[in-house]
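2 protein chains.
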Amino acid sequence: MKIIVDGFGGDNAPLAVLQGCELAVKEYGVDLLVTGDEEILKKTARENNISLDRIAFYHAPGVIGMEDEPTALLKEKSDCSMAAAFNLLKGGAGDAFVSGGSTGAIVIGANFIVKRIKGIKRAGLATVIPTINGCYMLMDAGATLDCKPETLTHFGMMGSIYMNKIMDVREPRVGLVNVGTEDTKGGELQQGAFSMMQNAPMNFIGNIEARDIPAGVADVAVADGFTGNVILKLTEGLGSMFSKKIKDMFMEGLGGKLSAVMMMGKIKDFKKSMDYTEYGGAPLLGVMKPVIKAHGSSNPKAFKNAIRQARDFAERNLIGEIEAAVQQMKNAGEE
Amino acid sequence: MKIIVDGFGGDNAPLAVLQGCELAVKEYGVDLLVTGDEEILKKTARENNISLDRIAFYHAPGVIGMEDEPTALLKEKSDCSMAAAFNLLKGGAGDAFVSGGSTGAIVIGANFIVKRIKGIKRAGLATVIPTINGCYMLMDAGATLDCKPETLTHFGMMGSIYMNKIMDVREPRVGLVNVGTEDTKGGELQQGAFSMMQNAPMNFIGNIEARDIPAGVADVAVADGFTGNVILKLTEGLGSMFSKKIKDMFMEGLGGKLSAVMMMGKIKDFKKSMDYTEYGGAPLLGVMKPVIKAHGSSNPKAFKNAIRQARDFAERNLIGEIEAAVQQMKNAGEE
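Just so you know, the sequences run in chain order A and B. Numbering-wise (the working numbering), the first sequence opens with residue 1 and increments by one. Numbering-wise (the working numbering), the second sequence opens with residue 1 and increments by one.
Calculated from the structure, these hints are not laboratory results. Remember, it's a predicted structure, so these values are computed and weren't measured experimentally. Ideal Cβ positions, reconstructed from N, Cα and C, are used throughout, including at glycine. A few of these clues could be false.
Examples of chain B residues lying across from chain A (beta carbon under 7 Å, computed) [as the list claims (entries may be wrong)]:
hint, residue
1, Gly134
2, Leu238
3, Met249
4, Met251
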C-alpha cells in the first residue's frame, strides 16, 4: 500500500506533514510518496530528526495557496506539489492521496485530473461531524454548489457506502436535509431528490430537519454543497460560541474557578467530543481514486489519521462498491 | 392603537393567548381584538379570571392546525380564527396582527389576503437570534424557498429597516450568507444578489460565512428561505445539544453537582442568553400591514412581547419606510 501525500498542503506544512508521515509509517507500516520541493522537504526532515524510512519524495517545486484560483492547478500552478500528486495518483504511482491544501484546488484536481467514477456526474466532499452521542456524515460539505436530484441521490448512496465500510455503521440511515419532514416539503430540488432517493440502493429514511441532525436522526445527512457548507460552518461557529460562553462561565468569580478545577476532566472530554478533526480528514467521494482532504490546520496526528483513512479507503475497495451501486441503480431504472 | 390577535394560534391557545392579552393591556394600554370561537374564549377567560378590559372578540369558529395545508386558509378553513384576523387586518379593523399559528398559513394569509407592499415580490420571515454578545436578524427564515437576486436584496433592505427602527441598531450591517467572503463566491443566486445589494439603500458589508454569524459579524444575515430555515433549525438543534451536554456534565459525580450549586445563577443566565424566544415573535416583512408570528410554544409572556412588537411595528411606520426604500432603489435604477 502506497499513499501519496501533498508535502505542502496545510497551514503547518511541510513540517506537520512530515511528522504525520513518520507517525503513519511507524503505526501502519505504509509506504509514502511525498510531493513538493525536495530540497526543502529533506532539509525540514533533517533539522527536525524525522526518519525518512519508507518515505520517498517526488520533486515539484511550486505551491498552490488559499489565495490562488483553484483552477490555477491545471494551468500556471501545474508544477505545484498538489498537481504533481494528482498526476501520480492518476498514473497509478500510489493507491490513495492525502492533502491539507486548498479545498477548491482539491476538488478541481479530483474532477479534472483523476476524473469521476462512471455514472457519477459530481463529486461530493464528505465530512464526519459529532452528534450528541456519536457522529454523522454531512454530504456534500461544499464541493458542488449547484446540484440536481440525481446528484443528491448519488451523494446519499456514496455517503452510505462510506459510513458502512469505513465507520462500520450497519445499514446507515440516509436523510435528505429539508425544511420539514413531510414527503412533499422543499423546493424543486428536494422534491425531485426525494422520489429518486426512495428508489435508490440505500436505507433512505426521508426528509430530515436541521434541528434533529445534532440529536443523531441520521447517519448520512444529504444536502447540496451550498446548504452543506452552511451547515458545516455554522456548526463550527456555534461550537466556538458555546465553548467561549462556557469558558467565561468558569473563569468568572470564585465559584466558577473552583468548579473549573473540579470539572477539568469533564471539560476536556466535552471539548474532545465536539472536535470534528478527531475523525480525520474529509473524503472526496465520486472520483476514480481515494482522495482525502485533511483539515488546513492539521497537526501531525491529524495527518497521521488522514493517512490511515486513505489506506482504509483503498483497502476496503470503496470505489468498487460505489461503481456497483451506480450500476445497480442504472439497471433498476432500465427494468 | 388596536392589535388583532389570533385567539387559537399556538400550542397553548386559547388560554396562553388570553393571558398574554391581559398582560399586554395592563402594560402597554393597547386595545385588542381577539378572533376565534367566542363562546370558548369567554368561557376560558371566565374560568381563569382573565380580565377582558379593552379586549373585544370577533367570532370565527374554525381553527387551522399544523396538519392542515396552508392554502386551506383561503378555502375550506376560511371561517377560522386566522383567516378572520387577516380579513379584519386588511379591512382596517386593527393596526397590526399577532398569531402563534401555522407559519405556512400565516405566509399564505399575508401574501394573498393582506397582500405585499408595491414593488416587493416576496415576503420574508425575519427571526432575531442571539450571538455571543448580542443578536442578529436572520432573513428569510423560511417564508420564500425559491429566491431571486432581487428577493434577497429586498430581504436585506427590509431587515435593515427593522433592526434600525425596532431594535435601535444604527446603520445595521447587512451580510449575504455565502460559502466564502470573497466577492465572487457562491452560485448564480448569490453572485447576482451580491452586485444588486451593493447598489441598494443599506449598509451592505458583503458576503459572510455561517461560521462568523454567531460571533456577530452582521446585524442582518440574508439568505434564501431554504438556507435560512436550515440556519434557524440547526441553531436550535445545536443549542439543545450543547445544553444537554452541559447539563450532563453538571449532573455527573460529586464535583459536577457541587459545581452546579455554585454556578446556578450563571447557568440560568447562560440559558436565558441563548433563548431566542426572549426577542418576541418573528415579523413577516414585505406585506402591507404589520404581521408578527409568535412562536408556536409561546407562553403568556411571549404573547405579550409579540403584541408589544406589533405595536412598535405599526407605531414606527415600518411599512412606510420600506415603501420609501423600494421607491429609492427604483429611482436609482432609472437614473
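Hint check results:
| no. | hint | result |
| --- | --- | --- |
| 1 | Gly134 | 12 Å, violated |
| 2 | Leu238 | 5 Å, holds |
| 3 | Met249 | 5 Å, holds |
| 4 | Met251 | 11 Å, violated |
Of the numbered hints given earlier, the model fails hints 1, 4; all others are met.
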